[in-house]
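> Produce the entire structure from the sequences given, and follow the hints as far as they go.
Protein chains: 2
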Amino acid sequence: MLTAAIALAAFLAQEVDPDVAGQTPGEVVAAAPAEAWRAIAPDHLLLVTLADDSEVAIELNSTFAPVHVANIQAMARAGYWTGGGASVYRVQDNYVVQWGHRDDQPELPAGVEETPPAEYVRSIEGLAVNGFGMRDSYAAAVGFSDGWPVALYSDGTASLTHCYGAVGVGRNMSPDTGTGEELYAVIGHAPRHLDRNIAIVGRVVDGMAHYTSLTRGTEVLGMYPEGEVAAPIKSVILADMLAPEDRPNYEVLRSDSEAFARYVAVRANRDDAFYDVPAGGVDVCNVQVPVRAAE
Amino acid sequence: MLTAAIALAAFLAQEVDPDVAGQTPGEVVAAAPAEAWRAIAPDHLLLVTLADDSEVAIELNSTFAPVHVANIQAMARAGYWTGGGASVYRVQDNYVVQWGHRDDQPELPAGVEETPPAEYVRSIEGLAVNGFGMRDSYAAAVGFSDGWPVALYSDGTASLTHCYGAVGVGRNMSPDTGTGEELYAVIGHAPRHLDRNIAIVGRVVDGMAHYTSLTRGTEVLGMYPEGEVAAPIKSVILADMLAPEDRPNYEVLRSDSEAFARYVAVRANRDDAFYDVPAGGVDVCNVQVPVRAAE
Chain A
18 MLTAAIALAA FLAQEVDPDV AGQTPGEVVA AAPAEAWRAI APDHLLLVTL
68 ADDSEVAIEL NSTFAPVHVA NIQAMARAGY WTGGGASVYR VQDNYVVQWG
118 HRDDQPELPA GVEETPPAEY VRSIEGLAVN GFGMRDSYAA AVGFSDGWPV
168 ALYSDGTASL THCYGAVGVG RNMSPDTGTG EELYAVIGHA PRHLDRNIAI
218 VGRVVDGMAH YTSLTRGTEV LGMYPEGEVA APIKSVILAD MLAPEDRPNY
268 EVLRSDSEAF ARYVAVRANR DDAFYDVPAG GVDVCNVQVP VRAAE
Chain B
18 MLTAAIALAA FLAQEVDPDV AGQTPGEVVA AAPAEAWRAI APDHLLLVTL
68 ADDSEVAIEL NSTFAPVHVA NIQAMARAGY WTGGGASVYR VQDNYVVQWG
118 HRDDQPELPA GVEETPPAEY VRSIEGLAVN GFGMRDSYAA AVGFSDGWPV
168 ALYSDGTASL THCYGAVGVG RNMSPDTGTG EELYAVIGHA PRHLDRNIAI
218 VGRVVDGMAH YTSLTRGTEV LGMYPEGEVA APIKSVILAD MLAPEDRPNY
268 EVLRSDSEAF ARYVAVRANR DDAFYDVPAG GVDVCNVQVP VRAAE
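Protein chains in written order, with our numbering: chain A, 18 to 312; chain B, 18 to 312.
Keep in mind that the hints were calculated from the coordinates and are not lab data. Just so you know, these numbers come straight off a predicted model, no measurement behind them. Each residue gets a CB set at the ideal place from its N, CA and C atoms; glycine is no exception. A hint or two may mislead.
As a list, the in silico SDA-like pairs of lysine to any residue whose alpha-carbon atoms are at most 25 Å apart [stated by the list, open to error]:
| hint | chain 1 | residue 1 | chain 2 | residue 2 |
| --- | --- | --- | --- | --- |
| 1 | B | 251 | A | 233 |
| 2 | A | 251 | B | 251 |
| 3 | A | 251 | B | 110 |
| 4 | B | 251 | A | 94 |
| 5 | B | 251 | B | 264 |
| 6 | A | 251 | B | 230 |
| 7 | A | 251 | A | 94 |
| 8 | B | 251 | A | 230 |
| 9 | B | 251 | A | 232 |
| 10 | A | 251 | B | 232 |
Reference listing, derived: stretches of chain A covered by chain B, where coverage requires no fewer than 3 residues with Cβ under 8 Å from a Cβ of chain B [as the list claims (entries may be wrong)]:
| hint | stretch |
| --- | --- |
| 11 | 84-93 |
| 12 | 220-229 |
The calculated label-pair distances, taken between Cβ atoms and stated as ranges, are [unchecked claim]:
| hint | chain 1 | residue 1 | chain 2 | residue 2 | range |
| --- | --- | --- | --- | --- | --- |
| 13 | B | 140 | A | 44 | 32 to 42 Å |
| 14 | B | 80 | A | 60 | 32 to 42 Å |
| 15 | A | 126 | B | 171 | 49 to 59 Å |
| 16 | B | 68 | A | 312 | 34 to 44 Å |
| 17 | A | 132 | B | 35 | 29 to 39 Å |
Have a look at this one:
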């Protein structure tokens with residue numbers, strides 16, 4: 018269902034919702050009831066451990082790029098990136114970090130589709146989207162679906178968006194679509210021009226600073242010189258490969274919850290004590306979807 | 018003059034300008050003629066040198082916050098942040114780095130205004146703005162003025178925008194406006210909700226990665242624990258305090274040049290070999306204004 022709010026694409030009013038007046042986004046999130054949160058499924062939680070044991074947690078999304086995500090799951094289960102050889106080898110300021118096997122890529126494990134379709138968009142049909150009247154520079158409308166920022170286009174397609182922390186599949190020139198063996202995460206202002214041109218498979222939900230604080234690469238596109246890496250990768254696994262008691266657990270604020278609507282309203286109209294003038298609007302990538310560690 | 022293009026606020030057409038078809042932003046910038054560039058004045062080029070001798074160069078802008086900028090110039094000339102005691106002490110992921118004297122702030126040098134006005138907006142009058150029909154979530158219109166991204170509001174005011182690299186003045190709660198002794202730079206997705214709420218005084222034009230790759234602070238708001246710093250500051254000077262032959266020189270692509278218009282067009286409609294679908298639009302903070310080292 019495409020909500021009326023999104024169809025209107027109205028500019029958010031500059032009046033502050035009395036329900037949230039004076040509250041910070043953090044206060045609104047802290048007040049969200051238990052039922053406003055959804056758990057991240059352990060087979061969709063990718064855990065990247067760097068050589069220094071720092072960990073980056075990524076939620077995978079099978080709704081937009083199911084073949085690419087299945088590939089990534091198969092590679093993680095086969096230990097494709099575990100035990101040496103994989104690294105973060107590209108760190109381009111205000112753009113992306115990229116990891117995988119830069120050279121000497123091992124043979125792909127069984128079950129990996131070597132030429133996935135171009136899963137850059139999907140049909141709007143069947144997608145439940147909550148819109149909040151946000152303006153957008155790149156799409157006919159934007160909103161949130163199941164806790165993910167999405168863009169909707171006039172041709173009836175939808176895509177995930179390249180917001181901060183978005184994880185996509187590195188590829189060569191079309192018709193190559195990438196297998197998922199090389200992934201990147203956005204570490205700067207949203208490069209939304211990549212939307213519809215590359216498969217987005219997930220987003221970083223924890224440990225982002227382990228990527229963003231890496232020393233930038235000195236070669237073109239932020240690549241490290243041959244033979245050097247930003248960070249060796251120790252392992253990449255899915256959370257369900259760990260015993261239940263050893264798994265990290267995360268929850269995402271449901272974007273169809275009342276709490277999320279309040280959160281968007283305060284993001285768009287900051288009027289807590291620090292602010293003189295509420296913005297009266299917010300862009301989709303400045304509404305960071307709340308994620309928390311669960312018990 | 019407010020251009021007709023901005024008044025229209027039309028969505029950028031999804032047709033690629035035949036003049037730039039197939040070109041990358043870098044190619045358009047490389048082809049810009051000498052007269053499309055303006056030099057950064059050495060009295061408006063602030064050079065922050067960290068303890069490891071890495072240097073961050075910041076262009077100051079006196080058009081929006083003249084009292085705050087004059088304060089910063091006076092503090093730099095007096096060596097306020099030079100010779101120990103100043104540091105980068107806050108690094109908040111996807112938000113800002115902040116520097117200055119966290120505690121034990123020395124007495125302000127002569128000539129520094131201790132309570133500057135709230136220079137968060139100025140009148141549109143007298144401001145030459147080139148607009149390119151960009152949509153915006155925060156303002157009635159956006160464009161570029163003298164190489165700076167600006168936002169225009171329906172009440173006749175204008176502000177600089179909190180794009181990646183923007184430098185603003187840390188402050189306490191209103192009516193405090195900050196003196197300029199504590200500054201921050203944006204290191205994540207543009208926090209445009211800060212526009213009109215804080216004085217923007219410039220932007221990082223070189224060395225941004227020295228800030229963005231700093232280890233994130235572990236305390237609330239990305240603060241470092243008491244007694245710890247992300248990076249000690251060795252000196253902060255204006256370029257004109259150096260002998261002419263020792264000064265770094267930078268040039269900014271003039272936003273009223275034909276080359277800049279072409280640059281915006283290719284940022285909005287990437288159709289070089291990597292892209293399948295030109296976006297047909299771009300947001301103001303995804304048009305990074307080109308800056309180059311000059312001879």
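> Against which earlier hints does the structure fall short, listed by number upward?
2, 4, 11 and 14
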